[in-house]
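K.L.:
Protein chains in written order, with the working numbering: chain H, 1 to 257; chain U, 1 to 426; chain S, 1 to 304.
It is worth saying that the hints were derived from the structure and are not from the lab. Errors might be hidden in some of the hints.
[As the list claims (entries may be wrong)] Among chain U residues calculated to face chain S with C-beta under 10 Å, some are:
1) L28
2) G151
3) V213
4) D224
5) A232
6) A240
7) E242
8) F353
9) L376
10) P378
11) W382
12) W384
13) I385
14) M395
No experiment lies behind these values; they were computed from the predicted model shown. Beta carbons are placed, not taken as given, at the ideal position from N, Cα and C, and that holds for glycine.
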Amino acid sequence: MTALLEVKNMTHYFGGLRAVNDFNLAINPGQIYGLIGPNGAGKTTVFNLITGVYTPTEGSVTLEGNNIKGVETHRIASMGLGRTFQNLALWRHMNVIDHIRMAHYSQLSYGLLGAFFGTPTMRKQEKEVYDNSYRLLEIFDVNQFATQNIGNLPYGAQRRVEMARAMATKPKILFLDEPTAGMTPDELVRMIEIIKQVHRDFGVAIFMIEHRMKFVMELCESIQTLVFGEVIAEGPPEEIQNNPEVIEAYLGKEDLH
Amino acid sequence: MNFIKNFFRKFSVVPLAGWLLGVFAAVLIEFYLGEDVISYYLYLPKVPVLFGALVMLKEPILIPSVLAYDLLVYVIPILLVARLTAPLTNGLAAFLENMPLWLATLLHLIAFYGVLHLWAGINDYRVLVVKLTMIAVILTVSLNIINGYQGEFSCSHPGFMALGAYASSVLTLKLFANDKVFGAALLPPEYGPYLFPLILIAGGLVAALGSLVVAIPSFRTRGDYLAIISLAFLFIVKSAIENMELVGGPRGLSSQPNFASMPVVFIWMSLCIWVIHNFTTSVMGKALNTVRDNEGAASSMTVNTRKTKMTAFMFGAFWAGVAGGLFAHVLRYVNPSTFGIQKLAEILAMVYFGGLNSIYGSIVGAVSINVLGEALRPLELWKWIIIPLILILVMIYRPHGLISFTEINVEKLLRARNRDNDTGGE
Amino acid sequence: MEYFLQNLINALQWGSFYAVISIGYSMVYGVLMLFNFAHGDIFMVGTYIGFGIATLFLALFMPILPGWVIFIMVIIVTMFLASFVGVMVEVIGYRPLRGAPRASAAITGLMIGIIFETGNLILLGAQRFSFPALIESVSYNVGGVYFTNVKVLIIVVSLVLMAALHTFIQKTKWGMAMRAMSYDFKAVPLMGVSINIIAPLTFAIGAGLASVAGILYGQAYPVLDPYMGILVGWKAFVAAILGGRGSIMGAALAGYLLGFIEIFVAMVFPSTFRDLIAYSIILIILTFRPRGFFGMAHSTQLRL
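So that you can see chain H by itself, here it is in the shape it has in the complex (with noise of 0.2 Å):
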């Protein structure tokens, strides 16, 4: 079986900083994996080099076998890579379902000119992408928050619609960093869940940074350890748990809950 994703030896430098190192990673489709690692490791630097925001130095990223080094971003995302940002990355003026009817842009085919003239096409369209949209809402519980704008939502629920856009894209993979980044713990375990149920209802790979031990052994089929842009441990969750090398490096002499 071929890997969904696959990173093979991917360095980057940001001017003369070399921010990752000989960075490999490869994913089937349905893993769940983490990446897990201290503040300023560089794990939100290797999601941007996946998802394009960068491109990398040196090193190949295909995506089911097709390159998607210096792709640009909304190419890679709509060719089946969905993700969510660590501080939220909505739209302030922009309600609920808009969120969400937006990230159907790349499956949209009528056009500017359909969109000018409010063409047949263009209203089946849309009228597809307002009902879906509203599923997804409907799947996430933020539906009773439709039609308000986003800023008014309690921040759980702003994670949600967040997890319910990054869905909308139809990712076969999805790049989770940090969801759990400010949550209670009540919260927490509701996030649990909807991974869990993105999982299995949409059949979804995920690739997620996490900070807490909990979260990550309680979904993660695999782990990395990344310190320093590099890989130094790799394996299931109680491996790496156990690992004396990364108890030193990330937890240092912590406790691990």
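Fit chains U and S to the supplied structure of chain H, relying on the hints for placement.
P.N.:
Then chains U and S, alone, in the frame of chain H:
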């Protein structure tokens, strides 16, 4: 307070069609009785052109007469007719609701145009004011695409307008007029009005092409630097036209054929609003908002940001070019100094007064600033103190403009109002 | 060669106006992250104040004091009075809009500018005033290059002012606060420096500088016009951006650069091409160097 509440409740049952009918009645009264009867008995020299604003400011002694005139001709007939015919017009609105929305909208627009035509037909000054106001609406709505929906601060709108104005003027002068510079007419002038739409579109396309000069740098830079690039573009266009003897240099072009009649301008304005409304409510158009609010998130959600930015600029510029073409054929004279900083300040004022990210707001902004500008004309210089002060106040109390982030809901606008009470009681 | 040197002096003089005015834009930008679109008209008002003071002082002290003493007195008094105009603009026009989108503040600035222009027309009417010569003009000829003492004075006074400002910003507590504010204008108020003091101070300095530029401008081009701020002001604004936002040195250098471009374009092409070529060069520079010369790598998003 209670009185006002009651007053509004009484009139909340009047649908849009009812108000149109009321205005129609008022305009009819003015048309038949305004000059000879009402003005005569109120000692007014002639029918007040802009609800008497001009007369009141020139001769304060006539203020009571003017107010009485407005009351007799406009306020009372509109309110009376609108309220009394409400059952009838509600029936009509309910009937129209069963028709396709476009047909109902079209019928309302035709009715609205009829009333406007009759009102403006009283004298040439009104016709000019109405035409210029409609052009201002096109300009404002189109600049709102770039500055509101797309969130840039573009200063090049007068430049786009100039491109459109000159391109279409050159075409009409060359094709349909016996001009000293451009020679004899190439086509019989009778074809003119039929080909005029194509000429306006050509003018719009020239402006859209010109906008690439600003759109392409916008891929890499945003905000202030783009504002300067767009400002430089404005100065370049203006200066380039000044240096082109072929189009009259600083003297400009004149005696364009009289193609921009009131219905023509009205149709273009309606078309502009319709197309822009379609665009901004579609996913393609909302892409502009995503680029404005968070570009990174936009591209991660499959939005092609470059295409979006280019669309915003070219689309906005296209309509500015069309407006420029209409402007040139309404005034039948253009020169480069028309399209300078002053024009920019005027258009920006209309956009930010009316409200960002809202077509509705832009219409309100364009109409109110234009009508205010005309109404305060007798104050001469003081007008340019009062209007800026009003704008400053609006900016302080409503930084996004009066009506921002609001879309027009045509269905809601046209529907019958008498059932509201029933649904409210449930 | 003489021709070139001749124009070099003209360019230095012309650039001095832009440089001194664009510093005002740049300082306000550095502190408040917004462009004071009224600055061009503050320059205009400053020039008129300078005109009034100069006329008054010449009438009072002409036979008693030597010309250069009057000149310095005029500069000091005008700077002082003009700085109040700057403070007024900040307090009335910009302070209520501090949390508002920057585009709204830009509109307010534009409108304040229009009010200044119109106010001037209402108060003084359409008649054109002529700025009195404070220094008697003397021409020199050095190796075929003609220049006057006024030109030299303009260049020297501008450089002295910029040097003084530089010292103020580098050495004093207030200057330090201004610099800090241009790095992070949210954090500095937390450290006990009130933005309600720094912002008016910045506006005052900018307006003071602009008024001196106005006096100097009046010495070179004596005819005053209520709309004089539009032409010079907008160009100085462009120079401020070109220099890189918030960079005072950058603004001054870009001011001189703009002066050079304009004078040397007029050397080669008909003078009507001046704007066309100058702005085309600016457009090309900004297209390929989108942060200006000394700009800081801020996020350039407008806060809508």
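K.L.:
Evaluate each hint against the coordinates.
P.N.:
Hints, one by one, checked against the model:
Proximity of L28 (chain U) to chain S is violated relative to the hint, the smallest CB-CB distance being about 40 Å (cut-off 10 Å). Taken as an interface hint, G151 (chain U) checks out: its beta carbon lies about 5 Å from the nearest beta carbon of chain S, inside 10 Å. With its C-beta approaching chain S no nearer than about 7 Å, V213 (chain U) sits inside the 10 Å limit, and its interface hint holds. With its C-beta approaching chain S no nearer than about 6 Å, D224 (chain U) sits inside the 10 Å limit, and its interface hint holds.
With a least beta-carbon distance of about 4 Å to chain S, the hint placing A232 (chain U) at the interface is held under the 10 Å criterion. Because the closest C-beta pair between A240 (chain U) and chain S is about 6 Å apart, less than 10 Å, the hint holds. At about 6 Å, the closest approach between the beta carbon of E242 (chain U) and any beta carbon in chain S falls short of 10 Å, and the interface hint on this residue holds. Because the smallest distance between the Cβ of F353 (chain U) and any Cβ of chain S comes to about 8 Å, under 10 Å, the interface hint for this residue holds.
Interface restraint check: L376 (chain U) against chain S, minimum CB-CB distance 12 Å, threshold 10 Å, status violated. At a threshold of 10 Å, the smallest CB-CB gap from P378 (chain U) to chain S is about 15 Å, leaving the interface hint violated. With 10 Å as the threshold, the beta carbon of W382 (chain U) comes within range of chain S, its nearest partner Cβ sitting at about 7 Å, so the hint holds. Interface restraint check for W384 (chain U): the shortest CB-CB distance to chain S comes to about 4 Å, inside 10 Å, so the restraint holds.
For I385 (chain U), the interface hint holds, the least distance from its beta-carbon to any beta-carbon of chain S being 5 Å, beneath 10 Å. Nearest Cβ of chain S to the Cβ of M395 (chain U): about 5 Å, under the 10 Å cut. The hint holds.
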